[in-house]
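Novice: Single-letter residue listing:
Protein chains: 2
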Amino acid sequence: MISIQWLPHRGVTAPEGFAAGSARGEIKTAGDDVALVLAAENSTGAAVFTTNQVKAAPVLLSAEHLSKASPCAIVVNAGNANCCTGARGMENARQMASLAARKLKLQPEEVLVCSTGIIGHQLPMEKIENAISQIELGNDDEAVARAFMTTDTVPKFCAASREIDGKTVTVGGQAKGVGMIGPKMAPLAPHATMLSFLTTDAQIERELLQNLLEKAVARSFNSVTVDGDTSTNDTAILLASGASGVQISAENEAQFSPLLEAVCVQLSKKIARDGEGATKLIEIRVAGARSEIDAQKVALTIANSPLVKTAIFGRDPNWGRIAMAAGRAGVAFDPKNLSFSLGNLEMFRDGEPVDFDLARAEAALEDENVLISLDLGEGDSNWTAWTCDFSYDYVKINAEYHT
Amino acid sequence: MISIQWLPHRGVTAPEGFAAGSARGEIKTAGDDVALVLAAENSTGAAVFTTNQVKAAPVLLSAEHLSKASPCAIVVNAGNANCCTGARGMENARQMASLAARKLKLQPEEVLVCSTGIIGHQLPMEKIENAISQIELGNDDEAVARAFMTTDTVPKFCAASREIDGKTVTVGGQAKGVGMIGPKMAPLAPHATMLSFLTTDAQIERELLQNLLEKAVARSFNSVTVDGDTSTNDTAILLASGASGVQISAENEAQFSPLLEAVCVQLSKKIARDGEGATKLIEIRVAGARSEIDAQKVALTIANSPLVKTAIFGRDPNWGRIAMAAGRAGVAFDPKNLSFSLGNLEMFRDGEPVDFDLARAEAALEDENVLISLDLGEGDSNWTAWTCDFSYDYVKINAEYHT
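Chains as they are written, first to last, in this note's numbering: chain A, 274 to 676; chain B, 274 to 676.
It cannot be assumed that every hint is accurate.
Identical copies carry no separate label here, and so any pair may be met within one copy or between two of them.
[Claimed, not checked] Pairs of lysine-lysine, BS3-like flavour, derived with a Cα cap of 30 Å:
no., residue 1, residue 2
1, K542, K669
2, K440, K341
3, K341, K376
4, K488, K341
5, K341, K400
6, K400, K609
7, K341, K609
These are calculated hints, taken from the structure and not from any lab test. Bear in mind that the values here come from a model prediction, so they are computed numbers and not experimental data.
All chains, please: the whole structure from these sequences, using the hints.
Specialist: Right, dumping it as structure tokens:
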């Protein structure tokens, strides 16, 4: 049992050595829409980006910066994705990094840039400049988590601590994104599917930090989906201030990883639960696969199935759709060994339907949290994915979103 | 220019040497739900099946029969998929073939069996037996096309002729399926995504017939999607009676293939247009790809994108979603060479947005048929896919479908 302490109402500034703030640039319709996150001197940073072939300017620029320096600050805007904006879009992303660097007294290469919002419009640079100049750094984590929201209905942030080497190490994080959320099905690939900023006061050298981030992202942000549509702007960033005085290395990595993964999973569940139009959080646990890649493919194919997602919205225990979705995942398995359950209710065992109580199945679907567990009966690997149901409001939100 | 003559209101019995009929077995809520299609003596047959790992009993049985004999008849029921029904399901599929064979004076191995409807319930064999005994064979193609409908709102059938070697050759067909329609993204793989029966009076030996069917299916049924959910029961069957006296071989295959493909594409478009909740038929043409597989992946990823499909339902020319979907297809391309249009309206050229007239774009989306054309600028290969928009009614139909 891992003894993790959750820190209520805290986010990216919960660990020692971080400050953050936000301001309104009038880019989105209401509220703050530009934010900064800053780590103390001598911090290290790591990041992963979307695998979409069409990458937004801030993604291209941040990847360039990551290759030149260790990042220690993030500047983000909501309301405009700065994507499909050509050469001028790249210049604007560069200017955004420079404006943040000047304010924070850093080199532009030490700043990572994120943008989220509508595709195909140039950034309003005057508004961005004005907002950056107004930001006051502090520790209002909720305000900062609100600032990068787009169609999100709630801010998503959390923080947790645990003892490592006799001292307290904290990880904080915030995430946004409730639509255009779909992990690319190249399992374990280093990419994120939304914006997520993670912070820790552990001391971690860059190479290890990047590895830890990639592993945590694979089992969390890379395993959450709303619509399967991988965004052009997805970015996850992890900054480590070192302020706790605890150095993470090969020896104590196994103590730090569960803390980081717990924060990432918590944020991933918040994303799925707040998915566009969602009424339920759905967790899909696949066990008995020949490989983790196989298990992830099956879990995500079920998580992306419109027929499964609409059935759960309709509180219909249509288990045939679960069998169908598992079977179309592109993973070889013998259906004669397939078993699955809804909550605690077994529906299909070793390739044969189980005569379950329909009323109990319908009752299980009344809950806000729905659990689907499968066993492929082929091996020892497992994976968990998160999604939401597919409702009228999903269509409404996305059909009425205006270009 | 290929001179194809369409034969209005004709279907599977339009070619010489076929008879078909249907009857009501009270398996679905209303109308005929069991049907037979019979080819003349000395006919040949070919078939392709779903690649879903969870295959329904009739799919497993039909594949077994195809390996033993040349099929010359089809028995189909709607309302029950006979899938996830274990050993008893296989026995029921066998009995269904035997009942049809006895009536038609054939060997059971010469009969292919198809079922469509709800998953996980045993076939009501008494009803099936009763219906088969009542079927009178004739040429009411519409009645037969209606009999295998499930959530379809219109019967889908057509027929066309052309001259080959101085004689008239006809191809007829019928298809069903408006949900759980999603081609498995293994391009060119021999599988169909719904039930489709094709007939011709050409004379074609089995191996060539199978090749011709696989090629035609790849460019038609394998390229249509409603929800991306590949069914457990998909089957396409082609029967050739030889009654026209025209033998198809390597020499004149190039004259027959476009006729077969035209009928398959026509049926595929009917499927997309009648997709669950659809208000529009969307055609996605991808050109300039490095390979046909690349082109197909991009076309189908756009066709399956919930964000693209909801935008078109909302008449919103949200071209950023087209760029996003193209980029997430898992196909390498340089976005600097990407161009695309909505109808005749160019929106994105060589990686830069085009300043198009929003009113004209919105007008293009008022049409019942929407065309999206992309050029990846990477090579000479192309592919076309068909889909429908994603509406409130899609959610309604699938959330209220009862298990």
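Novice: If the cutoff is 30 Å on CA atoms, where do K341 and K609 land: within, between, both or neither? Let me know, please.
Specialist: between (53 Å within a copy, 24 Å between copies)
Novice: Is it within a copy, between copies, both, or neither that the alpha carbon of K488 lies no farther than 30 Å from that of K341?
Specialist: within (23 Å within a copy, 50 Å between copies)
Novice: How would you classify K440 and K341 at a CA-CA limit of 30 Å: within, between, both, or neither?
Specialist: Neither: 32 Å inside a copy, 72 Å across copies.
Novice: Which holds for K542 with K669 at a C-alpha limit of 30 Å: within a copy, between copies, both or neither?
Specialist: Cα proximity of K542 and K669: in one copy and across copies (23 Å, 26 Å).
Novice: If the cutoff is 30 Å on CA atoms, where do K341 and K400 land: within, between, both or neither? Let me know, please.
Specialist: within (28 Å within a copy, 73 Å between copies)
Novice: 30 Å Cα cut-off: does K400 pair with K609 within a copy, between copies, both or neither?
Specialist: between (61 Å within a copy, 28 Å between copies)
Novice: Taking 30 Å as the upper bound on the Cα-Cα distance, should K341 and K376 be classified as within, between, both, or neither?
Specialist: within (20 Å within a copy, 77 Å between copies)
The earlier numbered hint that this structure contradicts is number 2, and it is the only one.
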